[in-house]
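Number of protein chains: 2
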Amino acid sequence: MKAIVISVGDELLTGRTLNTNLKTIAEFLGRYGIEILRDCTVRDNQEEIVKSIKEALKDADVVIVTGGLGITVDDVTREAVAKGAGVKLIFDEKLYKEIEKKMIERGVNITEIHKNYGLVPKGFELIKNDFGLAPGYWGNLNGKILFVLPGPPHELRNVLENAAEKFSNLSPVNILVKTVKTFGLKESDIVEILKDDIKFLTPIGFYPIVPGMVDLKLTLKGEDTEKLQEEMKKKIDILKERLGDAIYGYDGDTLQSVIGKMLREKGLTIATSESCTGGLVANLITDVPGSSDYFKGGVVSYWNEVKHNVLGVSEVILRHFGAVSEPVAIMMAEGVRNLLNTDVGLSTTGIAGPTGGTPEKPVGLVYMGVSIRGNTTVIERIFKGDRLMVKKQAALTVLNLVRLKLEEI
Amino acid sequence: MKAIVISVGDELLTGRTLNTNLKTIAEFLGRYGIEILRDCTVRDNQEEIVKSIKEALKDADVVIVTGGLGITVDDVTREAVAKGAGVKLIFDEKLYKEIEKKMIERGVNITEIHKNYGLVPKGFELIKNDFGLAPGYWGNLNGKILFVLPGPPHELRNVLENAAEKFSNLSPVNILVKTVKTFGLKESDIVEILKDDIKFLTPIGFYPIVPGMVDLKLTLKGEDTEKLQEEMKKKIDILKERLGDAIYGYDGDTLQSVIGKMLREKGLTIATSESCTGGLVANLITDVPGSSDYFKGGVVSYWNEVKHNVLGVSEVILRHFGAVSEPVAIMMAEGVRNLLNTDVGLSTTGIAGPTGGTPEKPVGLVYMGVSIRGNTTVIERIFKGDRLMVKKQAALTVLNLVRLKLEEI
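So the protein lines, in turn, are chains A and B.
Note that the first sequence covers residues 1 to 409 in my numbering.
Note that the second sequence covers residues 1 to 409 in my numbering.
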């Protein structure tokens, strides 16, 4: 099955808004094996929308129109859809009453123009929008599907999910998708490692997130769900065998959520001491709901004075080896573990740039340490990229080091 | 002048890659008063690209094609552009030699297929790409401009900038754009405050970033640059008069860069103590190059034990008022200022959610404090949104509080 997406909105063409909806729709349709032929992003102009819908209905089985379902003068999608589909707009009293109730709850000053929310292209079915006022519209035009979605990203995601069953009915086959998440190998390394298995694993997609962090997406299609799951298990077993502990999780997992789960299961607490990452590691850890169960806190020790006074890093060591060094990374990780009385302490110290590099210690050089009870490990890396990329890679690398060390105990 | 953008790449239609290039191009063209009529995102399919180019050349003055300029079998844009423009591809020996040099530096294993980098649509001019191998191509087809750009976002930005003079020559008028950045007012508040000036200020765009953070974009067109600058100054003076200290900066400024500049100018140092923001404030501050000049460090005190043991928050106060309270915010800000011996200390303590809320202290409640020398201020807010949105709003609000307090001294 083929789909065409029509994204409506001046704001997408003036640089005001980044269109994230196309990616959301593509991922969603991928679940049902529906491919997108093209996307047309057009202005809030009725004629242009109508023209795009008519053309799309010729070329695709499914046409998805997003945006422009509000009730200001700019919002012309509802009318354009009716024209494009060759049907009239009719006023749905029941729908309007529901929306009116929502508007009253929100304290909207209701005027005559708000009645436009009740207009529905004739013969179209409504798809619930749990987060906004305008619902989605689903029309079957002689076997071609015309599906209309609100533009705000969280409303669009909700209406898509509410239409999941309809899409599932469209497609005669089941699609099973699993993402295997890896850290520590380059895309080219993984391709090399898997070269003898690639035929068995295909279709497999490689998605590098940052250097050394690659998602592998496995897709299976078929009629028998049980069989698909069996086959998926076999493929994942192969990946586990080949890639070992480079695999840190699946689907929605992040390094910080995986570590969180391990710490909770083992009943351990953690603390961070950061120099070059400047708080990013703590920020990632605390992005996870419930992280206060195992994350006690951390110290950002940007100045040497703070490394010494707060974390207890020796002044002699700082002077002799410099702040960006293995012994300092060790003392920071151990220091914060002692200071906050946790089971695990981690540390980062490096040169994020753009200035501060020397021939011996270039921009991008970072030492990352993990201290678990009596045992401290430090690794050295030279990351490429700008200041923010160095911070990000260092933060992810130290989180991955924590994961590997937690796996050992 | 009207433009049409053609974005090429399977990855944009499978959900693998978010298309950020359209926004970049739209912002760039806005500088020259060129509007985008539509964007077509198409697959790496020669026929479809050719068709899109031909249609676009009918409807627009400028056609911009991005992506698919590599040399794998998927990359068919170069050939499609030639066909769409009705010209041949010719081999440019000089161009190829330059690219060959870059490839050798990068250690590329050069094969026959790499020669494709030397192919240029006949009559097209090259636009330099400082970051990648494939240059941009600029063709004038009987007065219509066909401009071809590489797809990787940083390369695209670079090639666009390298074509700035050409765009400037296209447009008979000069465009002056200035963004005025505000914090603390809702979009609707600003519209109300400016209602008597809106005619004079138009064209003005309102771009809400997060709730309470709004960018105002002023655009002026004309032939006389000096006159434009005078007029812009008048408009900005009106905004300054009406919006006062809600304006925190202009164009590329961020709250953290503005604070950094103020601290450096005043010769002051700062430290952070964070509970609910979990390191985000320190992370934002250290995103600014050179922030080690004034940022000594910080403490993330997620557990009460850390608030007490490290920052010296009184156990009695913690027990009596709870961690999410005004007195704790005060003691955290003052505590970190003392601990790290800085001029300024800031603090956040609140409930980021999704759990942990009570009827008295709901999710989203945050106290934010700033202590400058002997003077400490705390504000209370209830933020809406999910965990990450609460963290973000709290972090930005405390940075803004620091700015306002620094302005007073």
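Check each hint, because a few of them may be wrong.
Because identical chains cannot be distinguished in the list, a pair is counted as satisfied if it fits within a single copy or across any two copies.
[To be verified] Under the rule of at most 27 Å between Cα atoms (straight-line distance), these lysine-lysine pairs were calculated in the DSS-like manner:
1. Lys102 - Lys361
2. Lys361 - Lys186
3. Lys217 - Lys195
4. Lys234 - Lys102
5. Lys234 - Lys51
In short, the hints are calculated from the structure, not lab data.
The hints, checked one at a time:
1. Lys102 - Lys361: between (60 Å within a copy, 26 Å between copies)
2. Lys361 - Lys186: within (24 Å within a copy, 47 Å between copies)
3. Lys217 - Lys195: within (16 Å within a copy, 52 Å between copies)
4. Lys234 - Lys102: Neither: 49 Å inside a copy, 43 Å across copies.
5. Lys234 - Lys51: The answer is neither: 47 Å in one copy and 43 Å across copies each exceed 27 Å.
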